[in-house]
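Colleague: Each chain, letter by letter, is given below.
Protein chains: 2
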Amino acid sequence: MEGMFDPVEKLKEFIRHPSVSTDPRFKDGMRGAQEFVSGLLSSIGFAVEVVKTDLHPIVLARRGGSPEWPHVIIYGHYDVQPVDPVNLWKSSPFEPEERDGRLYGRGSADNKGPLMVHIAAVARLLEKDPGLPLRITFMIEGEEEMGSPSFPSFLDRYREELSKADLVYLSDTGIPSEDQMVVTCGLRGLMLFELEVTASKGDLHSGLHGGVLRNPIQAVAELIASLHTPDGRVNVPGFYDDVLEVEPWERAELKRLGTSEEQYRQFLGVPAFHTPPGYSPFEAIRFLPTLEFNGISGGYQGEGTKTVIPSKASVKVSCRLVPNQKPERIRELVYKAIEERMPKDVSFRLITQHGGIPYVVVPPDRSNTPADQSPRLAQAFRAVDSAVTEVFGKAPLYLREGGSVPIIADIKRVLGLDSVMLGLFLPEDNLHAPNESFNLRVMRRGIDSSERILARLARGK
Amino acid sequence: MEGMFDPVEKLKEFIRHPSVSTDPRFKDGMRGAQEFVSGLLSSIGFAVEVVKTDLHPIVLARRGGSPEWPHVIIYGHYDVQPVDPVNLWKSSPFEPEERDGRLYGRGSADNKGPLMVHIAAVARLLEKDPGLPLRITFMIEGEEEMGSPSFPSFLDRYREELSKADLVYLSDTGIPSEDQMVVTCGLRGLMLFELEVTASKGDLHSGLHGGVLRNPIQAVAELIASLHTPDGRVNVPGFYDDVLEVEPWERAELKRLGTSEEQYRQFLGVPAFHTPPGYSPFEAIRFLPTLEFNGISGGYQGEGTKTVIPSKASVKVSCRLVPNQKPERIRELVYKAIEERMPKDVSFRLITQHGGIPYVVVPPDRSNTPADQSPRLAQAFRAVDSAVTEVFGKAPLYLREGGSVPIIADIKRVLGLDSVMLGLFLPEDNLHAPNESFNLRVMRRGIDSSERILARLARGK
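From first to last, the protein sequence lines stand for chains A and B.
Counting in numbering that gives the first Met the number 0, the first sequence runs from 0 upward without gaps.
Counting in numbering that gives the first Met the number 0, the second sequence runs from 0 upward without gaps.
The reader is advised that the hints may include incorrect statements.
Note that identical chains are pooled: a pair holds if it fits in a single copy or bridges any two copies.
The calculated lysine to any residue pairs, modelled on SDA-like cross-linking and capped at a C-alpha distance of 25 Å, are [unchecked claim]:
id: 1; residue 1: K254; residue 2: Y278
id: 2; residue 1: K254; residue 2: V359
id: 3; residue 1: K200; residue 2: Y157
id: 4; residue 1: K254; residue 2: E96
id: 5; residue 1: K51; residue 2: L414
Hints were generated in silico from the structure; no laboratory data involved.
None of these values were measured; they are calculated from a predicted model.
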């Protein structure tokens, strides 16, 4: 058998495939990334099935064994975010570059690097112990950055096989610092749409016609301005109705984060925070839903001036949702508010995009009201706790996170499985932004931890 | 002497020079258009001086004569608006195409076609009567679409010579229909700026950080929404303080426009008008100032979705001003409102662009309080009235217009000269928009009218 591969070099190869799932121009990069990860798993002994979907296939790679063995499903995704504004990148997004202990490139942290951590851990473990009593299934999709549209029907199709596993294990969440690992116990859901307003049938000269119609930029802006109260809450009736109360242990855990508000403010580079009353910034991003504007456009955006009244203006909107909000209910409420508030002197349309339900899991030994969970799930949490404590010298924190991995809730709903989410990326990794990078020290220690975690799961203790 | 040129073919040549003054990539087109118009005027006997400026030169072409002769300055501009969105053009903007009695191309109506009308009229007149007792000076600039930044200092430099003229004559204004000519007696001024808001120092992941900061798109939108009252007035203290009352003859003249509100609404293609109370749509665009949004941008504007909180968002703003508002005063008031209203959790900057003062002239025989004006100016108005009545079969209307030709007010201020503005373009000419065109029937009758007007001016009756 050939020797263990170099995980950093393999990660570079992975990043070189430009796998932007939302943009049809990256079709070749998507295929390249899928074939790369399939080939790698095959090379370490997995039986690889490439499951077709309407868009980008899912890689399902199995290591079988006795039905008595524990069975872990490892999740990841091979697709990445778009790279624009590309001019802000210091090195080319798809030509990975090592600088100061970091590997720069689109997808290095989200999610190619963390996925490589687990592939490397499995490879190392199987090299040392080819008879390891652990069933492992890699489940790696290519549509995560577009909201995983094909994933629920894939889960339905493979439910009988996959629901027999004990748990899902993945790293697609964050940590506050290199030394403080986090096990993510909750994720926000997501609801996305676009609003397009049309005033006149074509662009108009702002001198000849300015003053008789509502400018569509103004109409969009007035609508946007109506969607928050001055104190930062979302101003849509019923928006907060289904939000679950946060448990006291969660607020306590968050106090151990080790980052001050001032440090966080400086990291963001904002003049001041703007959070709803009663929530610290750290609480707000985890415990509260949001309504954000991801992009706005209309009229002349080039150099200099053009005195035009545009025909159209539009805004891309996303809501992050917390347990127990339902994306379709929130969509109804927000659409209703927009329909009621939009003036009659313009027309508009709402373009429905994807959504995902929020997720929460209670780790063992934390809550005063412990959840009814399987011994193997509790064991997995304990394996993570001890492995992380050994490798990083400090126990992990159990925190909810502001981001969304909608498929985690889908997995719970369809397969009945909970997920153990070991955070691996840092705030400075610049996910979804220019100059994304992955900390290589975290990567190495992540591989060590993951190897121990999987070994413990196999030993059943 | 060679025969008279074909004005339509010459206009096509003119349009083929892509002279977008605001965009440095069109430098060659700017030089081509300037050389074309200089060559044409030279070919009909004018002494051409190309006056250098910091940016685009001004063509000053003189036909001298006895100091006793009347002296008319004919104004025009050889620069054009940008063409985007270029995909909405049915034919290439700089490859003129005749369709259904119209010539399509950027600049065909604004201002290359109307300028060609006067060059052709002068050429025809001088061909028939080489000794015509009329001094003519063409003054053709290349920075009109950028707000004529070099024009005031040019006027200062040539003041002694130019201020001895009797009046300025031009066509850079509109008419409501092919048969109803308009002499424009007022123009709105202009004040332009851009507002850029910065929240975080870089783009942020909307899941990891959403809920702790004010999104810059939201900040821009909230500011925009604060700038109008629900009934459509500009919501800036003091904005209307200096606005002059409209004279009764002006409202009466406007009633003879011959276009119904419903026709106008359908032309614009808006579901309903949105005008301040007390003003019809036709009045609002002429008698009231505006604050418009010409372009907005921020965040992800590509295909699909990207769940980012952008670092910056910005909006381009223009105010149209009416007599007796002053651009610098209005700028102060608007900037002050923005500074007061912008929340402290974002930073912002205001990028000052150009401005222009509004203009009004009272034609003879209309107002109950006639202005003190020179006999030759009054004579010019009467020459236009009778020439238009003869050629078009209907007397012109004397109306203010919503557009801005800032140099008209500069000419009045620096040279002390009023302008006689004969409208030549139609609403359907699509100025500043895709598929700009010029009506060739209006062009031919415009040449006939202009020839008669200049002949009458020469004869002094």
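Colleague: Which of the listed hints are broken here?
Modeller: 3, 4
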